[in-house]
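There are 2 protein chains.
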Amino acid sequence: MPFPFFYSEEIVPPGGIVTLDETASKHVMQVLRMKKDDQMYLTDGKGKKFIGSVHSMGRRNCMVQIQSETNVPPPQQQLTIAVSLLKNTSRFEWFLEKATETGITVIVPLVCERTERTHFRRDRMQNILVSAMLQSRQCWLPSMPDPVNFKEWIPVSTGDIKWIAHCMESEKEPLPKVVACAGSKTICIGPEGDFTPQEAALALEHRFRAVSLGNTRLRTETAALAAAVLLAIQ
Amino acid sequence: MPFPFFYSEEIVPPGGIVTLDETASKHVMQVLRMKKDDQMYLTDGKGKKFIGSVHSMGRRNCMVQIQSETNVPPPQQQLTIAVSLLKNTSRFEWFLEKATETGITVIVPLVCERTERTHFRRDRMQNILVSAMLQSRQCWLPSMPDPVNFKEWIPVSTGDIKWIAHCMESEKEPLPKVVACAGSKTICIGPEGDFTPQEAALALEHRFRAVSLGNTRLRTETAALAAAVLLAIQ
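As you go down the protein sequences, you meet chains A and B in turn.
All residue numbers for the first sequence refer to the numbering used here, where the first residue is 1327 and numbers rise by one.
All residue numbers for the second sequence refer to the numbering used here, where the first residue is 1327 and numbers rise by one.
What the hints contain is simulated information worked out from the structure, not anything from laboratory work.
Careful: at least some of the hints might be erroneous.
Identical copies carry no separate label here, and so any pair may be met within one copy or between two of them.
Stated by the list, open to error - Subject to a maximum C-alpha distance of 25 angstroms in a straight line, what follows is the list of computed SDA-like cross-link-like pairs (lysine to any residue):
{"hint": "1", "residue 1": "K1413", "residue 2": "I1454"}
{"hint": "2", "residue 1": "K1375", "residue 2": "G1519"}
{"hint": "3", "residue 1": "K1361", "residue 2": "S1469"}
{"hint": "4", "residue 1": "K1375", "residue 2": "T1415"}
{"hint": "5", "residue 1": "K1372", "residue 2": "S1469"}
{"hint": "6", "residue 1": "K1362", "residue 2": "P1481"}
{"hint": "7", "residue 1": "K1372", "residue 2": "P1399"}
All chains, full assembly: derive it from the sequences and hints.
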């Protein structure tokens, strides 16, 4: 049984003390019933992995003494999924969990012309990323900027290779056929009603290439996860 | 706007009348507010696509007159995902929806040694397959046998190429590197606690080859969906 695995934004050198947040502390004390000196892994989500041990427990907070620190190399490639926010928030949150598990490094929530809902709960979404990172035993948290307007994002989007998966009739490369190449990769996925022709044209003007994700009509979150799998699992 | 799309198990030749079930009928009458002679698509989930029109509406049931019938060619390959049932049923149901969207043709619910929960609601699961088939505008419903014991299924499992994605240390081919080949394909995904060494050994004795799904630790339903994406999206 491996040590339990926790997240802490604080970085402290070995010997120092980290205070776990209330949720993590409750898990340590009430669920795992850990005792003083019991050991755990911790990560800062920025590539550092610590071994620590329970130092003391308050009513709400658990203090952990850091014993050792190792560096986990960063993901080899920047893999960015830019995807429209969804009316059904749970479907978007589900995508966040799954994309994090696969090892996607950047998630850009998009507001497109046909995006129906732009509500974005940063704290809640961030917690989902953290849980999925810990659950999949990773030490690099995907970065996720605040939602950005598609037309503002396109000109500043980064990536050696950039793709757009729109549903309109056009010349498209099947993503599985072109994905195995070097360099950082970015793909954008539109809302349920698809990108507008103007949005697709703007992307093509900025070095995006049109790709297809198979022959069936996928929901936005399914298309986004399919893209995540094809980009991240090699 | 395409016609709305409905499912009916009955197959009737053009001219005949189909009675939609209560849920579909309510959708026609109360949500879409369709009127007599309004047109819709229907499928039997076995490759037939019909155009029909509202013939009459009772209190609970909508009768549809079939006007024309076309045959949709079957999927080119049999793609089978055999996956352990999950303690968290909603995660398994989520996988059913997504795997159907991608175009997987057979889903085999497995009961493995470490499967924690074997409860299986056929009616509910079947409805999820139907909804996902309609939502992705397909006319072939994935087949899904009742849950089967892993050790009983392995000897009778079909597929020109068969893979097992266990998490134990061993020689493994990365699935994305070997998936692009002809023939019917089958992959099995274990429960949260992984297959037992005995289960993995039994699979290898029956022509299954060990594959990996990347470097991160994926939840069962994430691994199963990643496999579905890699098999179905070419």
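Status of each hint after checking the structure:
{"no.": "1", "hint": "K1413 with I1454", "in the structure": "both (18 angstroms within a copy, 20 angstroms between copies)"}
{"no.": "2", "hint": "K1375 with G1519", "in the structure": "between (42 angstroms within a copy, 24 angstroms between copies)"}
{"no.": "3", "hint": "K1361 with S1469", "in the structure": "neither (34 angstroms within a copy, 50 angstroms between copies)"}
{"no.": "4", "hint": "K1375 with T1415", "in the structure": "neither (32 angstroms within a copy, 33 angstroms between copies)"}
{"no.": "5", "hint": "K1372 with S1469", "in the structure": "within (10 angstroms within a copy, 44 angstroms between copies)"}
{"no.": "6", "hint": "K1362 with P1481", "in the structure": "neither (53 angstroms within a copy, 50 angstroms between copies)"}
{"no.": "7", "hint": "K1372 with P1399", "in the structure": "within (10 angstroms within a copy, 49 angstroms between copies)"}
Hints 3, 4, 6, counting from the list given before, are not met by this structure.
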